[in-house]
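Undergrad: Below are the chains, spelled out letter by letter.
Protein chains: 2
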Amino acid sequence: MSRHALVVGSGLAGSLTAVYLARRGYLVRVLERRGDPRAPGVREEGRSINLGLSQRGIVALREIGLLEGLAPLTVPMRGRVVHLPDGLRFQPYGLAEDQILHSVLRHDLNVALVDEAERRGVEFLWGHRVTSVDRAKPAVTALGPGGEEVHTADLVIGADGAFSAVRGHLGRGRRVDLHQEFLEWGYKELLIPVGDDGRPRTELRALHVWPGDDGLIVAHPNADGSLTATVFLPFDGEHGFAGLTGPGRVRDFFARRFPDTLTLIPDVVEQFLDHEPASLVTVRTSPWHSTTDEGRGIVLIGDAAHAVYPFFGQGMNAAFEDCSTLDRCLAAHPHDLPRALAAFEAARKPHTDVLAELSARNFVELRDKLRSPLFLVRKKVDLALHRLFPRKWVPLYTLIAHTTVPYGDALARARRQDRLLDTALAAAATLAGATLAGLVVRSRGTRSPGGRKVT
Amino acid sequence: MSRHALVVGSGLAGSLTAVYLARRGYLVRVLERRGDPRAPGVREEGRSINLGLSQRGIVALREIGLLEGLAPLTVPMRGRVVHLPDGLRFQPYGLAEDQILHSVLRHDLNVALVDEAERRGVEFLWGHRVTSVDRAKPAVTALGPGGEEVHTADLVIGADGAFSAVRGHLGRGRRVDLHQEFLEWGYKELLIPVGDDGRPRTELRALHVWPGDDGLIVAHPNADGSLTATVFLPFDGEHGFAGLTGPGRVRDFFARRFPDTLTLIPDVVEQFLDHEPASLVTVRTSPWHSTTDEGRGIVLIGDAAHAVYPFFGQGMNAAFEDCSTLDRCLAAHPHDLPRALAAFEAARKPHTDVLAELSARNFVELRDKLRSPLFLVRKKVDLALHRLFPRKWVPLYTLIAHTTVPYGDALARARRQDRLLDTALAAAATLAGATLAGLVVRSRGTRSPGGRKVT
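Heads up: the sequence lines are chains A and B, in that order.
Per UniProt numbering, the first sequence starts with residue 1, numbered consecutively.
Per UniProt numbering, the second sequence starts with residue 1, numbered consecutively.
No lab work stands behind these hints, which were simulated from the structure alone.
Among the hints, a few may not be true.
Each pair may be met inside one copy or between any two copies, as identical chains are not told apart.
As the list claims (entries may be wrong) - Listed below are the simulated DMTMM-like cross-link pairs for lysine to aspartate or glutamate, each with C-alpha atoms no more than 20 Å apart in a straight line:
1. Lys188 - Asp260
2. Lys369 - Glu116
3. Lys349 - Glu184
4. Lys349 - Glu181
Could you put the whole structure together from the sequences, leaning on the hints where they help?
TA: Laid out in structure tokens, this is it:
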């Protein structure tokens, strides 16, 4: 007898996990609050935010056989183009040909996953909002177009995002830790359209960054030659979203802080004033799962379990890694769902906690450090050492974006490398100092009393 | 025209703030989910947990003129009696006569505050559960015995505890940070009854502590000569609440870990098995308030704003300090409620964050350090220095419990003292080392070749 899985949320994590579960023989139903993303007009209305698909996401998409088919929807990014007052700098992501990221529209990827899930027999119920969850069964009550319905399942998956309803119900009357923290900065998206000549207005095969401690822009390329720029600003203050109200102020701000955007985005002022700023949240919670004595259970994945700031570009990739890890845990304990869910949480939670920390740290890096010459030198030394010892010395960014080394292990390894680098730099400085001192001593020692060198 | 205040929650913070607001001329209504605490039988049923009233709470109760009347309900505690395997140790709380705490039953104090509030014209609506909050008015919808009612007010105060409904509604669709963390330990309360001779079974005028890294008991005295012991244990594991199931195991555990409790609590096994363990939570959130353009507002106080672990005995005291601080802020800005609420949050939030940290740290102190000889020596040196320089050197515990120095300032001062103590101890050690070395050199230098001293 087939087991039933109920997935709440048809977003990236929900639709991918539905594919995995269907592959594993579950009868899968997905409840989604919104309507079918394939309906006319939805692509234009929805969250257009671009995503950078990196190694962890690629591995999962390859596993379900969807990677090849996605190629036409993606644009490879070979590194970062940093926009500085005196011009552009290019920072490659890595050495190898395959150390690249793939820019893709959230919507396009989501539709591809929903299509694939349906092809595998997954049933999607659109316009169904969760109103309660019964942990003891488990069962999910949802309000759909035809009224309230109760859905029971052997396995319920909460893939309903950072403000997960399943998480809320899972925590009722239990000792559940929850950390929800908003960044004091928000964002608006602006389109860098294709040029009048039909060609991209700037380098397409890269991520673009305009660093700055009072405002930050990141732009991803689109397959049609346009780019989507995300402007990150403080919510409050004269130069935050609250203060940038009239067209004059907005134009002045962009002209002063990001002058080249005025040519890249001809209608930057109109676009900026036309959008509401969105907020950024980090969510950590524990536990992620609940099980019954009969061997059924509920588990959270993706943003519902661990929403992170987008500054390491790992939100989707971590969610996809959840899906592949959950699938492996279900395979390892085919007749023991409680053990599979416990193994999943144990395997993922420490690492997504580290990702939350890294994502917050990368905000500081993108904002402040990309303008620091010292930081850029260190970054170059880091990459040079990677070039010399490609297997023994791997920069943190490379470990996170271009490998599937667990986040926590990647951080531990990077910390060891950082200490080595510090020691090496200190030794080099000491050596340089000693050499300099030696030179001074020698030159003094060989001076004639008259102050001129003898030799 | 009088302004209207609506307080949600008639607990300690809610009833005290109602008194303050009535004194300040507000028309005050209090909504409470539970029934009237003065109804017959409630005292026996309710949370019996004892509280240690310290300086911050005392100042507030004195301010509203209630302190004198409470004396018969309280028992002074002059220090801690630590129960160790080899006997008892007494640690005084401080030097001065007034550096004592007052043990009081939550219920008795609450009833006194509700009586006082009613005396000042406050209206209590019992059995009213909040179902929604409208920030824009502000208005609170509550389900009472007669159905749903909407209550509007100029000032709404959320004093509804760690799992505050007002806080939940205040956060909807706003950037609200929330940190909720449960301790992996829980607690049960046990009564140490009066002895058969009608006298207390142990020293009454003290807090009793049984330290231990696998279990911890704290006992407060009651005015009737009994004491209420709170047993803190891990939830999980063989020696946690999950494992201590049968009478045999419970008796063995108490006999091995807390042997003297068997004589202090003759029915310890029955009492232990009769109660469900309760959990301990830390909550931090931000912001605490919301205001309207018309100058009305909502604010959180007490546990709703900052629930802390009970290990520094400051939960109630911090809540009472909220009430007196809020009253001062309302006095400072009599015609500008938004400014008063902003001033209140700015004045309190940094310090209650520090209290959360101190309360978690004191768990470690009570659990592990009270058994460490080194720690006890350091504690003695700390108090000896206080005796030498009563104004210049004040131990952290004294600053928190016996003064109204803001928590953050107290911690900063204690850190400076700790550094001084470290430096002094290191200097003493170096001096001792040097003296020792000098002695060795001198004694060597005066030895005869035969190894006997010449002088």
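Undergrad: Could you run down the list of hints and mark each one as holding or not?
TA: Going through the hints against the structure:
1. Taking identical chains as interchangeable, the C-alpha atoms of Lys188 and Asp260 lie at most 20 Å apart only when both belong to the same chain, with a minimum of 18 Å there against 65 Å between chains.
2. In the homo-oligomer, the alpha carbons of Lys369 and Glu116 never lie at most 20 Å apart, since the shortest distance is 41 Å inside one protomer and 58 Å across protomers.
3. Taking the closest pair of Cα atoms, Lys349 and Glu184 come within 20 Å of each other only across two copies (17 Å); inside a single copy the shortest separation is 25 Å, beyond that limit.
4. Taking identical chains as interchangeable, the C-alpha atoms of Lys349 and Glu181 lie at most 20 Å apart whether they share a chain (18 Å) or sit on different chains (16 Å).
Checked against the numbered hints above, the structure violates only hint 2.
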